[in-house]
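Q: Sequential numbering from 723 applies to the sequence shown in my numbering.
Careful: at least some of the hints might be erroneous.
[Said to hold, decoys possible] Capping the alpha-carbon separation at 30 Å, the derived lysine-lysine pairs in DSBU-like fashion look like this:
1. K1118 to K1141
2. K994 to K865
3. K1141 to K905
4. K849 to K1029
5. K1150 to K1029
6. K849 to K1141
7. K1155 to K1100
8. K1155 to K1086
9. K880 to K817
10. K880 to K942
11. K1049 to K1100
12. K1001 to K942
13. K1118 to K1100
14. K865 to K850
15. K905 to K849
16. K1155 to K1029
17. K1118 to K849
18. K850 to K1141
19. K1141 to K1049
20. K1049 to K994
21. K1155 to K1083
22. K1029 to K1086
23. K849 to K865
24. K817 to K942
25. K942 to K790
26. K1141 to K1029
Please keep in mind that the hints were generated in silico from the structure rather than gathered at the bench.
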Amino acid sequence: MERQTAIVTGLGIGDEAKGATVEWLTRQLNAHTNLRSGGPQGGAHISRIDGREQMFSQFGAGTFEGAKTHLLHMVVSPWDLFNEAVDLEKNGVEKPLERITIDSESLILTPYHSAISRFREIMRDEKKGTVGKGVGEAIRDSKNPELSIRAWEFFEPKETLARKVEAIRSSKYSEALEIIRQKNGKEMPGAAQMELNILLNRRLVGQTVDMFSYMAGLVKIVDRSYLDDILNLPGSIVAESSQAALLDPRIGFVPHVTQVDTTGRRVINTLKDHDYRGKVIRLGVSRTYMIRHGAGPFVSYSPEMTKTLPEAHNANPVDTPWSGEFKRGHYDVVAMKYAIDATGGRRAYDGLVINFMDILKDRKEWDVCVAYDYDGDKHDLEDFFVVENGLIRGIKVHHDDGSSAHLNHLAQLTKLLAKSHPVLTTLKAEDSKSLSEVFIDFVESSLEVPVVATADGPYVEDRHIRSGHENSFG
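When you get a sec, could you build the whole thing from the sequences and use the hints?
A: Put into structure tokens, the structure is as follows:
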């Protein structure tokens, strides 16, 4: 049996239905393993035609299809993982923690990472956006071994772990006090006080250590050689990075980015490092429109679409002041082109998967964003955009040399996008073509990547390979 790995990348700002795509690919390819990388920042809400529903945050979204999960290049939350396993058992998956393995070098989250992440966002005047898990906090501290915990350390003596967790608590509490000092006596919101109380809670240190020790006896923690065993198995693997390309720290719109690789490049590099000889299929995923959860530039934002388009699992989070509003906007060719170009270019992708095609089913017209109009001096744009006849038609990919200058470039790009407005064109159904067909033709001609599969509903059964692209899936 031929070996192959399908790598799934969201091409927007998250919530493209990557999880449902992974579940479908797992069935389509009869995949034995889901590789997950990134962190538990978001979750794939899977709805099954039999009525089961599950939020996949760290387990692979193909778990219901029988795939095992391996966490690679992952920031792991033991509490979330345990709760997810409990939910899976309720949904009929037997002994789910025996179906997951964790790379021993995976970073581990504590409640203190999560609390300071939420505290920072609540206290910010200009919101950055965060899911509030503390993934970025753990990654920033990872260079300091005294303030970071790896999965292999679950087996260390409890006293050693307790010293580390207390050091993390103390460090994060000090950072919170500095934030308060900089506010010069400004009243602290009640939500921020709740997070500060967590940072003050020393009893959580012992509870955290107990959880680490407990998980060490429940989950298989493996070294990197275990990955070779997975890669050498006959059959298929489906790999998914968390979130989406435009939130990546090296290409996204700084500071509204995560701190993990969201593009799949680490998985691709790891396959090369392990001399993987199987076929690699790379798929980009999007909706028929754009979404954004929380702060950050959103040129094609539409208040009307935000109010009128249905959304089953992303209601506005009034109880989470750190995550922000869930917004919708027009399909954005400029952003999509940039996401593809910045993650390897058109030739790097074998195809696109477009979800939420059912939105177009009973419509005759659909507005899409084809350019941006900049509200300022056009001379500002030269280093950042492709400009034609005064309109922004593309975003230039800046060379990432690993320097702060590159991040400064991305931050300036963010400011320019904030002063840009969408230029729309209307796609119309034709006598011989439905609006769905017209939309797919538009996407393929604009992005120069074939649309190989679509979804017109939330279930695995609602996803279909487009005629002529059957060979794209092995």
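Q: Now, for every hint given, state plainly whether the structure supports it.
A: These are the hints, each one checked on the structure:
1. Between the alpha carbons of K1118 and K1141 the distance comes to roughly 17 Å, so the proposed pair stays at or under 30 Å and holds.
2. Distance hint between K994 and K865 is fulfilled; the C-alpha atoms sit about 25 Å from each other, no more than 30 Å.
3. A C-alpha spacing of about 28 Å is found between K1141 and K905, which places the hinted pair at or below 30 Å, so the restraint holds.
4. For a cut-off of 30 Å, the pair hint linking K849 to K1029 stands: about 22 Å separates their Cα positions.
5. Between K1150 and K1029, the direct Cα distance comes to roughly 22 Å. Compliance with the 30 Å bound is thereby established for this hinted pair.
6. Pair hint K849 plus K1141 holds up; C-alpha atoms about 17 Å apart against a cutoff of 30 Å.
7. Restraint check for K1155 and K1100: the C-alpha separation of about 39 Å exceeds 30 Å, so the hint is violated.
8. Proximity of K1155 to K1086 is assessed by CA-CA distance (about 10 Å); at most 30 Å being required, the pair is judged to hold.
9. Taken as a hint, the K880 and K817 pair is honoured in the structure, with Cα atoms around 26 Å apart against an allowance of 30 Å.
10. For the hint pairing K880 with K942, the CA-to-CA distance comes to about 19 Å; that is within 30 Å, so the pair holds.
11. Simply put, K1049 and K1100 have alpha-carbon atoms about 28 Å apart, close enough for the 30 Å limit, and the pair holds.
12. Our distance criterion of 30 Å between C-alpha atoms is met by K1001 and K942, whose separation comes to about 28 Å.
13. Between K1118 and K1100, the direct Cα distance comes to roughly 15 Å. Compliance with the 30 Å bound is thereby established for this hinted pair.
14. Straight-line distance between C-alpha atoms of K865 and K850 comes to about 23 Å, which keeps the hinted pair within the 30 Å bound.
15. As the CA atoms of K905 and K849 are separated by approximately 15 Å, the hinted pair is consistent with the 30 Å bound.
16. The suggested pairing of K1155 with K1029 holds, with an alpha-carbon distance near 28 Å, which does not exceed 30 Å.
17. Under the criterion of a C-alpha separation no larger than 30 Å, the hint pairing K1118 with K849 is consistent with the structure, at around 26 Å.
18. Proximity of K850 to K1141 is assessed by CA-CA distance (about 17 Å); at most 30 Å being required, the pair is judged to hold.
19. Taking the CA atoms of K1141 and K1049, the gap is near 18 Å; set against the 30 Å cutoff, the hint holds.
20. For the hint pairing K1049 with K994, the CA-to-CA distance comes to about 38 Å; that exceeds 30 Å, so the pair is violated.
21. Simply put, K1155 and K1083 have alpha-carbon atoms about 12 Å apart, close enough for the 30 Å limit, and the pair holds.
22. Pair hint K1029 plus K1086 holds up; C-alpha atoms about 20 Å apart against a cutoff of 30 Å.
23. At roughly 26 Å between alpha-carbon atoms, K849 and K865 fall within 30 Å of each other, so this suggested pair holds.
24. Our distance criterion of 30 Å between C-alpha atoms is met by K817 and K942, whose separation comes to about 13 Å.
25. As the CA atoms of K942 and K790 are separated by approximately 12 Å, the hinted pair is consistent with the 30 Å bound.
26. Distance hint between K1141 and K1029 is fulfilled; the C-alpha atoms sit about 23 Å from each other, no more than 30 Å.
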